[in-house]
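Novice: Sequence:
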Amino acid sequence: MGIYERVETRKVLEEFAEFMSPLRLEHDLKLQFDDDDGGSVYGLCQNPDASPNSYYDPDKYLVHICYNWLSMLENEASVRFYNDPREFVFWTPRIFGRETRPPTPGLMPGFTRREVIVGGTVSNILHEMGHAIRHNLDLPRLGREEDTADQIAGF
Numbered sequence: 001m002g003i004y005e006r007v008e009t010r011k012v013l014e015e016f017a018e019f020m021s022p023l024r025l026e027h028d029l030k031l032q033f034d035d036d037d038g039g040s041v042y043g044l045c046q047n048p049d050a051s052p053n054s055y056y057d058p059d060k061y062l063v064h065i066c067y068n069w070l071s072m073l074e075n076e077a078s079v080r081f082y083n084d085p086r087e088f089v090f091w092t093p094r095i096f097g098r099e100t101r102p103p104t105p106g107l108m109p110g111f112t113r114r115e116v117i118v119g120g121t122v123s124n125i126l127h128e129m130g131h132a133i134r135h136n137l138d139l140p141r142l143g144r145e146e147d148t149a150d151q152i153a154g155f
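Read in order, the letters of the sequence shown are residues 1 to 155 in our numbering.
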């Protein structure tokens with residue numbers, strides 16, 4: 001079963017709509033899973049040069065969760081990480097003037113593949129909804145846009 005079928009079967013959009021229903025916003029927000037940019041000026045789902053991504057289109061009040069992002073998450077979650085969790089690294093080109101190892105793919109001990117996929121998907125949706133909520137309610141931004149979206153998602 002492909003990603004599209006799993007998203008449909010699991011009723012991710014329906015569950016998320018129910019979760020967000022108590023929130024009263026000035027404009028209705030739309031959330032969609034897609035590979036197509038839907039005519040957005042951003043066009044980030046199909047850009048072959050872009051990293052897997054999801055994004056909010058403020059002109060349409062539309063959150064795009066790209067299937068390529070879900071595919072990347074599933075691929076990363078299928079690799080087992082056997083080393084000490086303290087060795088888990090995120091890639092940075094240089095630290096203190098020396099090269100570092102590439103990023104560590106896969107699961108850290110203590111997390112199942114399902115937990116990584118579900119948690120990563122929910123986290124991604126909430127982050128993009130953070131952008132949408134801030135825009136919709138015209139909330140002030142204190143700091144970076146991405147940090148603000150994370151803070152709203154965490155709330």
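Misleading hints may appear alongside valid ones.
[What the hints assert, rightly or not] Straight-line C-alpha distance at most 30 Å; calculated DSS-like pairs for lysine-lysine:
| # | residue 1 | residue 2 |
| --- | --- | --- |
| 1 | K60 | K11 |
| 2 | K11 | K30 |
| 3 | K60 | K30 |
Please keep in mind that the hints were generated in silico from the structure rather than gathered at the bench. Being a predicted model, the structure only gives us computed values, none of them experimental.
Novice: Work down the list of hints and note, for each, if the structure agrees.
Specialist: Okay, the hints, checked on the actual structure:
The suggested pairing of K60 with K11 holds, with an alpha-carbon distance near 23 Å, which does not exceed 30 Å. Between K11 and K30 the alpha-carbon distance is near 15 Å, which keeps this suggested pair within the 30 Å criterion. Between the alpha carbons of K60 and K30 the distance comes to roughly 8 Å, so the proposed pair stays at or under 30 Å and holds.
Comparing the model with each earlier hint shows no violations; every hint is respected.
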